[in-house]
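Number of protein chains: 2
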Amino acid sequence: MHAIKVVALAGGVGAARFLRGLVGVVDPCHVTAIVNTGDDFVHHGLHISPDLDTVTYTLAGLVNEKNGWGIAGDTNACLEMLGRLGQETWFWLGDRDIAVHLARTRLLGEGLPLSSITDRIRRALGVRARILPMTDAPFATVIETPEGALPFQDYFVRRGCRDPIHAIHFRGAGVARPAPGVLEAIDLAEAIVLCPSNPFVSIAPILAVPGIREAIERAPAPVAAVSPIVGGKALKGPADRMLRDLGHATTAVGVARLYEKLVDVFVLDTQDAALAPEVERLGMRCAAIDTIMSLPQRARDLARDVLGLLRR
Amino acid sequence: MHAIKVVALAGGVGAARFLRGLVGVVDPCHVTAIVNTGDDFVHHGLHISPDLDTVTYTLAGLVNEKNGWGIAGDTNACLEMLGRLGQETWFWLGDRDIAVHLARTRLLGEGLPLSSITDRIRRALGVRARILPMTDAPFATVIETPEGALPFQDYFVRRGCRDPIHAIHFRGAGVARPAPGVLEAIDLAEAIVLCPSNPFVSIAPILAVPGIREAIERAPAPVAAVSPIVGGKALKGPADRMLRDLGHATTAVGVARLYEKLVDVFVLDTQDAALAPEVERLGMRCAAIDTIMSLPQRARDLARDVLGLLRR
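Top to bottom, those sequences are chains A and B. Residue 1 is where the first sequence starts when you use my numbering, and the numbers rise one by one after that. Residue 1001 is where the second sequence starts when you use my numbering, and the numbers rise one by one after that.
Rather than coming from a laboratory, the hints here were simulated on the basis of the structure. Just so you know, even glycine gets a beta-carbon here, dropped at the ideal spot from N, CA and C. Any given hint could be a false lead.
Claimed, not checked - Computed beta-carbon distance windows for the label pairs:
{"hint": "1", "chain 1": "A", "residue 1": "Glu260", "chain 2": "B", "residue 2": "Gly1086", "range": "41 to 47 Å"}
{"hint": "2", "chain 1": "A", "residue 1": "Pro210", "chain 2": "B", "residue 2": "Trp1092", "range": "29 to 35 Å"}
{"hint": "3", "chain 1": "B", "residue 1": "Arg1120", "chain 2": "A", "residue 2": "Gly24", "range": "49 to 55 Å"}
{"hint": "4", "chain 1": "B", "residue 1": "Trp1092", "chain 2": "A", "residue 2": "Pro113", "range": "41 to 47 Å"}
As the list claims (entries may be wrong) - Residues of chain A placed beyond 12 Å of chain B at every Cβ, according to the derived structure:
{"hint": "5", "residue": "Gln87"}
{"hint": "6", "residue": "Arg96"}
{"hint": "7", "residue": "Arg159"}
Okay, chain A solo, but in the shape it has when bound (with noise of 0.2 Å):
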């Protein structure tokens, strides 16, 4: 078991994964989780913040494993109830999921900031592991489409990640200001990882926090990054969709160019282990490792292997 501390940037299933390996491996105390709030949105008059709770169940022990997220065994009486009232039911709303949406929600109404929410769920699930908010401020992805612009639900579950992209935009990020804890999280780490996520709409909102990725490259804790493009697809959602749409190749490389000068050790898949020497031509060190977490197992290791290339 390591003893230094972590911070992981995250967003949902594979950085959840990824999270559960690395509290495998490092004490959980020692491990701080920010996670991606551009996703988060309002329905049915719940807020809901899909990232921060697929990280919480997953360190909870509570998550469904086939989704990778929601709650295993969860039902869904309320929303069929939702549908018979002629409400929407687009988004999955499971019936323990709207517990954990309530209190958020009536918390909030509060004046609670989303943070301290987020640390009294966490806790009141059982997770050791830190999960800060990147912001307690208001933040949306948006994306631009031949539709319009889409609120970040709309374009991933409402219609399916079907539509074209043309860019991406966060809302609220000129004036959001990082969530308390985030900046000194950073300037203590001893290692840093930004998990194997969208790399547009998961690691970007964070990093266009102002303030985070000045605090990432002024810190002295090494970074390294996990590539979510393995043999030219993405694991899970639309990321190999956004880096051909958005003009960048839709490869390890394309990710890798994406945390130029961030990045100083860059992990990607052995079946791209042909790709390391046009990575390191990026100024990083790249290193081909068994990234796909297809058991608790296999993230474990993939995250004692990540933080030994840090050490390194």
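Model the placement of chain B on the given structure of chain A, informed by the hints.
Showing chain B alone in chain A's frame:
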């Protein structure tokens, strides 16, 4: 099947059962329920209207027959999770129930009046009788006890009706206005029924909305009331304790006195037939009928008998 227009003032379970009987003997399109909203409250950020829900679920054929409220077969996964998150769980929230609360809360937040929302919900659930909240305005029944002034659900559910009662107040009654359709329905009614509901916290709040009592007093239709007290006991809830604590006789006569000058026909249970002369001395006709609606057929018989008495 009677074709007369009936208006019924309704609280929760007893009223809902009577209304279900009523729509069995009168064309439901001619039935308007004016429902108490003094019990409404906000809990976990949800706007909950217990009496509207009980009436709606019962007329929709969805009600949990054993409790008389809630949805048959509803689960409580969300409530359990709320408990795990350290949130309050003293008020039952079924998962399907929550869908109704979510829809209501969201639509209220969008500026729709409660009456429109209630109408939408009952239509979505296939209810043909009209269900009107007594008012669209904020209105709260408050119970004065030795522990201080308790919001109704705190007295009723959280503390289980265990506190002695000094007084009952209706907050908001001064400025509330009847919901759209309420006064018109009363004016056009051919029969008006005060359902077998708690006179203090179900019927009195409705009558306390400025204009409703006056409309009933001047309406051409005859008015009947069905006693919720049988053999000196409330069939459900704390009506008997309220009568006692507030200095009234704990009998059907105590209820009849509260309805003096408003009611033409008072219906008490056959068990209380001996009290009929005392009720008649109050200046109303009195009939003894089997009022215990143990089965739906009994509720239909009771509704038919009450209408028969009003036509005489």
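Item to check | CB-CB spacing for Gly1086 (chain B) and Glu260 (chain A) relative to the 41 to 47 Å hint | outcome: holds (45 Å)
Checklist entry - Falls inside 49 to 55 Å, the C-beta gap from Arg1120 (chain B) to Gly24 (chain A)? => result Given range 49 to 55 Å: holds, Cβ gap about 50 Å.
Checklist entry - With d taken as the least Cβ-Cβ distance between Gln87 (chain A) and chain B, does d exceed 12 Å? => result The claim breaks: Gln87 (chain A) does not keep its Cβ more than 12 Å from every Cβ of chain B (closest is about 5 Å).
Checklist entry - Can we trust that Arg96 (chain A) is non-interface, i.e. its beta-carbon lies farther than 12 Å from all of chain B? => result violated (4 Å)
Checklist entry - Trp1092 (chain B) and Pro113 (chain A), beta-carbon distance inside 41 to 47 Å? => result violated (31 Å)
Item to check | Outcome for the supplied range 29 to 35 Å, where the beta carbon pair is Pro210 (chain A) and Trp1092 (chain B) | outcome: Violated, since Pro210 (chain A) and Trp1092 (chain B) (Cβ atoms, about 46 Å apart) do not stay within the stated range.
Item to check | Reported absence of Arg159 (chain A) from the contact zone with chain B (all CB gaps over 12 Å) | outcome: Consistent with the label, Arg159 (chain A) stays out of reach of chain B, its closest Cβ about 22 Å off (over 12 Å).
Hint compliance for this structure: hints 2, 4, 5, 6 are not met, and every other hint is.
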